[in-house]
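J.: Here's the letter readout for the chains.
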Amino acid sequence: MNVIVCLKQVPGTTNVKIDPQTNTLIRQGIETIINPFDTYALEEGVRLKERFGGKVTALSMGPPQAEAALREAVSLGADEAVLLSDKAFAGADTWATAYTLAGAINKLEQYDIIICGRQTLDGDTGQVGPELSEMLEVPFVAYVSQIEEIADGQMRVQRMVEEGHELIETPLPAVITVVKEINVPRLPSLRGIMKSKSAVIPVWGVQELGIDQGRVGLSGSFTKVIKVFFPQRVCQSEIFQGELETQVECLFSRLKDAGLV
Amino acid sequence: MEYFLSEEQKTIKGLARRVAEERILPVRAELDESEEFPWAIMKDLADADMFRVFVPEEYEGLGGGCLELCLVVEELARVCSAVAASYAVNALGCFTLMEYGTEEQKRKYLPDIAAGKRLAAFAITEPTAGSDASNIKTTAEKVEGGYVLNGTKQFITNGGEAEIYTVMALTDKTRGARGASAILVEKDTPGFTFGKKEKKMGIRASATRELIFRNCFVPEENLIGKPGLGFIQAMRLFDKSRPGIGAQALGVAQGALEAAVDYAQQRIQFGQPIISLPVVQDILAEMAIQVEAARALVYAAARMVDSGAKKITEGSAMSKVFASDVAMKVTTDAVQICGGTGYMRDFPVEKMMRDAKITQIYEGTNQILRNAIAIELRKRKARTE
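Those protein sequence lines, which keep their order, are chains B and P.
For the first sequence, the residue numbers in this note's numbering are 1 to 261.
For the second sequence, the residue numbers in this note's numbering are 1 to 385.
Simulated from the structure, these hints should not be mistaken for lab results.
For each residue, glycine too, the CB sits at the ideal point set by N, CA and C.
Be aware that one or more of the hints could be misleading.
Said to hold, decoys possible - Capping the alpha-carbon separation at 27 angstroms, the derived lysine-lysine pairs in DSS-like fashion look like this:
1. B:LYS49 / P:LYS43
2. B:LYS55 / P:LYS43
3. B:LYS49 / P:LYS117
4. P:LYS117 / B:LYS55
5. B:LYS195 / P:LYS311
Said to hold, decoys possible - Label pairs and their computed distance ranges (CB to CB):
6. P:PRO278 / B:CYS235: 45 to 55 angstroms
7. B:GLU208 / P:LEU5: 38 to 48 angstroms
8. B:PHE230 / P:TYR3: 42 to 52 angstroms
9. B:GLY12 / P:ASP262: 21 to 31 angstroms
10. B:GLY12 / P:GLN272: 54 to 64 angstroms
11. B:PHE222 / P:ASP262: 43 to 53 angstroms
12. B:PHE230 / P:GLN272: 29 to 39 angstroms
13. B:VAL184 / P:LYS379: 48 to 58 angstroms
14. B:SER253 / P:PRO278: 25 to 35 angstroms
15. B:VAL261 / P:GLN336: 51 to 61 angstroms
Please construct the entire structure, taking both the sequences and the accompanying hints into account.
T.: This is how it looks when you write it as structure tokens:
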């Protein structure tokens, strides 16, 4: 069972700044973490390996400092990790990101399952997983909450939908995105941390991947953030004071004035 | 304060803190209330390789020493002393084996202990043998192919939960303490049962039980080291393990200090946080000084043990006595700072105060240890005269 887990390093805080030129997040100099949803993806990958054997490869596209997220992934049980980093990748939207990840996955060749988190904490789109499956031309299941069975090249999973679960069977290889209900991610182990410190993490750029430079990064992106703003607060509130009866009277007269009752 | 810990030691301490905060903190009050043995947390500690810390590398451990063990115990006790005790006693339980066991014995037991698959415990105390540890009555009569144990051990930490017990018993009762030997007994050995689980003042989630031996046969190969040397082995063991109790005391004191500072910062009286009152500041400052002094002494004693120094009784006893007295004082002050809130069981400091008390009592009462320190002082004086 060869598992590829795609993960992203995201700001560990909501206190982030936006680059006014590109309207993208400024990622330098802020505390970073592995995108929380991706930690469930990694845990599930490691559990599959423990169940069926094989290996887990963690994959991340990002600036050079994203290597830290991959080292953490190794401390949590990933066997190998590859960083996709190149100046040309900067400013990528979900499509260009998925294209780049697909390039790396094609280079890795052997895989049975690709696991992603359902969405990231910063971009929040949830698009990279499904786009990846399109590009790799393999089946896709979103919001997986349980992998029930894997046998004879088939996988049966539970997928969370608004009112319950769907049971889906899919041939492998496949791409899935997972929800936090799927597991409780483990903490790192001391042996894992020690291994992660000496792990060799190759860095692949456009050249190593042999992909089309025009289809990566900002230039390969179909979408562009043109403005980031806080929505204006349009509602006004008023807190009534005094005894309960007085408050009810105030509320009633206000509603009456507004012609609502 | 800078203690010049190595990168590896910092990693161990950091991960122990993470396990404590993420896995123990959310359940500590519940565990204290239910007095349930924290099996889920033992699993988390095993997964994080914490049981490997004190086991040599040849037996799938990480080869750490007394200081590494102390760092883990400190961090666990900072959040929950009951978990710290349940963890630390494993080191105590396999230390005699590591030090005096044969290659075969070590191969048989240590990898499982390192992986956290089986817990260990150490049994010396009996109804007649507390501070007077040499007055044990449990016998291990030599028979064809092994020993037959009879007797009762009391107040055994991890009793009933652990699977591997190092038991001190008389293989030659005519010789008293000189006839004592360390014998390994596995749980489920016929003739080996457990008494009731004790209801304790503090460290309530830890398990404390009697071990009862009634014609319990163990094979010859379960004897650790030479017969008759058990008591000496045990005394050497305690010399090396006492900084660990110091670390447990230090951790609980640290936790209480932090809780007191948090509370003093938040609690508004007379229109200001009580931390701005000089009388409160005075108590907090004194607590901080005591905690830091305890840390310095515990780490120094642990390093002394790891250096392989021969005469360690005094320094090791000092670290345990001082840190445990500090823990009792600091946790009591923490309850005082938190006032009525601190006295309530919804708030963590009263548990810390209850938990602190045992550190002044077990692995040598502070009175017995002061006595041991005084003996060393007299011996030294006698040598110079």
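J.: Of the hints stated earlier, which fail here?
T.: 5, 10 and 14
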